[in-house]
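S.K.: Residue numbers (my numbering): 1 to 359.
The set of hints was computed from the structure by calculation and includes no laboratory data. Don't take every hint at face value.
Claimed, not checked - Simulated restraints on C-beta separations:
(1) Gln274 <-> Ser184: 25 to 33 angstroms
(2) Pro37 <-> Thr105: 26 to 34 angstroms
(3) Gln322 <-> Lys168: 18 to 26 angstroms
(4) Ser184 <-> Lys44: 14 to 22 angstroms
(5) Val154 <-> Ser24: 35 to 43 angstroms
(6) Ala51 <-> Ser184: 40 to 48 angstroms
(7) Asp40 <-> Lys293: 22 to 30 angstroms
Claimed, not checked - With a straight-line cut-off of 30 angstroms between C-alpha atoms, the simulated DSS-like cross-links for lysine-lysine are:
(8) Lys36 <-> Lys168
(9) Lys36 <-> Lys50
(10) Lys79 <-> Lys10
(11) Lys210 <-> Lys168
(12) Lys8 <-> Lys57
(13) Lys289 <-> Lys141
(14) Lys36 <-> Lys79
(15) Lys50 <-> Lys10
(16) Lys169 <-> Lys59
(17) Lys295 <-> Lys162
(18) Lys210 <-> Lys119
(19) Lys293 <-> Lys141
(20) Lys289 <-> Lys168
(21) Lys36 <-> Lys57
(22) Lys79 <-> Lys210
(23) Lys57 <-> Lys79
(24) Lys318 <-> Lys289
No residue lacks a Cβ here, since even glycine has one placed at the ideal position from N, Cα and C.
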Amino acid sequence: MNLTEDQKEKILNEWNSRPDSPPSLLELIRAVYPDKPELDGRSKEGREVKAFLATRKIKARGAHEYQAKEKIKLSQEQKLFIESNASMMKGKEIAGVIFATPGLTNLHQEVRVVNDYIKSLDLEPYEDTNEVPNSEYKPPKTFDKTVYRINKFVNNGIDRNKITSGVKKNVDSLINYLSTFRFSHQINTYSSQTDRDLFESSFIRYSYDKPDLSQEEVDQYIVLCTEVIIAASIQRRTERLQDLLDNTAEDTEGRRIAMSLVEAISSAQTEYNQCINRQNKLLDSLKQKRSDKLKNQINATASVLNLVQLWKEEESRKKLIQLANLRKKAISNEIKNLSDMDEIKCRILGISEGEILDE
Numbered sequence: 001m002n003l004t005e006d007q008k009e010k011i012l013n014e015w016n017s018r019p020d021s022p023p024s025l026l027e028l029i030r031a032v033y034p035d036k037p038e039l040d041g042r043s044k045e046g047r048e049v050k051a052f053l054a055t056r057k058i059k060a061r062g063a064h065e066y067q068a069k070e071k072i073k074l075s076q077e078q079k080l081f082i083e084s085n086a087s088m089m090k091g092k093e094i095a096g097v098i099f100a101t102p103g104l105t106n107l108h109q110e111v112r113v114v115n116d117y118i119k120s121l122d123l124e125p126y127e128d129t130n131e132v133p134n135s136e137y138k139p140p141k142t143f144d145k146t147v148y149r150i151n152k153f154v155n156n157g158i159d160r161n162k163i164t165s166g167v168k169k170n171v172d173s174l175i176n177y178l179s180t181f182r183f184s185h186q187i188n189t190y191s192s193q194t195d196r197d198l199f200e201s202s203f204i205r206y207s208y209d210k211p212d213l214s215q216e217e218v219d220q221y222i223v224l225c226t227e228v229i230i231a232a233s234i235q236r237r238t239e240r241l242q243d244l245l246d247n248t249a250e251d252t253e254g255r256r257i258a259m260s261l262v263e264a265i266s267s268a269q270t271e272y273n274q275c276i277n278r279q280n281k282l283l284d285s286l287k288q289k290r291s292d293k294l295k296n297q298i299n300a301t302a303s304v305l306n307l308v309q310l311w312k313e314e315e316s317r318k319k320l321i322q323l324a325n326l327r328k329k330a331i332s333n334e335i336k337n338l339s340d341m342d343e344i345k346c347r348i349l350g351i352s353e354g355e356i357l358d359e
């Protein structure tokens, strides 16, 4: 089957109509065969379209080829919206509005463009754009990088000149903990680099010297670190509310706002205390479990030592019995030797043992 003139014209028209964003090979195939959506570049029809493009020295982008996104440029209207709302909204929230795309993250180009523009403005933003992470969290995969993280967050962490087998075991276990999906998922939910660092540092401080944690215990430590971030977030919110209260005017409207702020601060403090109580209960529970585990390990070790001691005592008893038997045998042999000597003496004197006994 060869392309008809009408089909060739459709291909050229589709290609020429999009000079800024040329259609892909798949798009051209579907323009020619709209009633056959299952066709692709590997089909006979797809190869014919590709061959026709080659005769015109046109190369369409294949479905497997990456197409770089064009750098986004902000319009004047979008810039004005950012300037008006940067002190009240986060960069990703603004990006979701001006690009009509909810659910954007700090990794999307739209959010990065907005944050870059906020950095250029002479104002105090709602969120410090320098604290916005530009990539997903990557856990350390090597021994040296993990030791660096430990020493970054733990005072008197690990002396690189005194790496024992126990230290190696601790570090290897921590690498596994940090590489779990649950940990990576949780830390990547935080849009602030400070929160990410606080979460990671809390987890490392709690677990870097515990090489025998079960998966359930790792999950509990992740929950504990999550509570640490929640408490820090509540503290920041309380401080912002307190600043607003301090700057509230003393007129009638100001007093009404002040009452609302006082209630909000009180509610935030109650929430903070509840969060701290949850942390303490979870930490106490983990400490108790840890204590019970170590106690059981000590008891198990003691049982093994007792068995070893009993075995040693049994071995010692057997050796003493063996020595006693050897001594008894030696004495018996000696007595026999002495008996043989008396008999020899009697024979020398010309008298036998029987004759002496008869007398």
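S.K.: Taking the numbered hints from earlier one at a time, note which ones the structure violates and give those numbers from smallest to largest.
M.R.: Of the numbered hints, 3, 4, 5, 7, 8, 10, 14, 16, 18, 22, 23, 24 do not hold.
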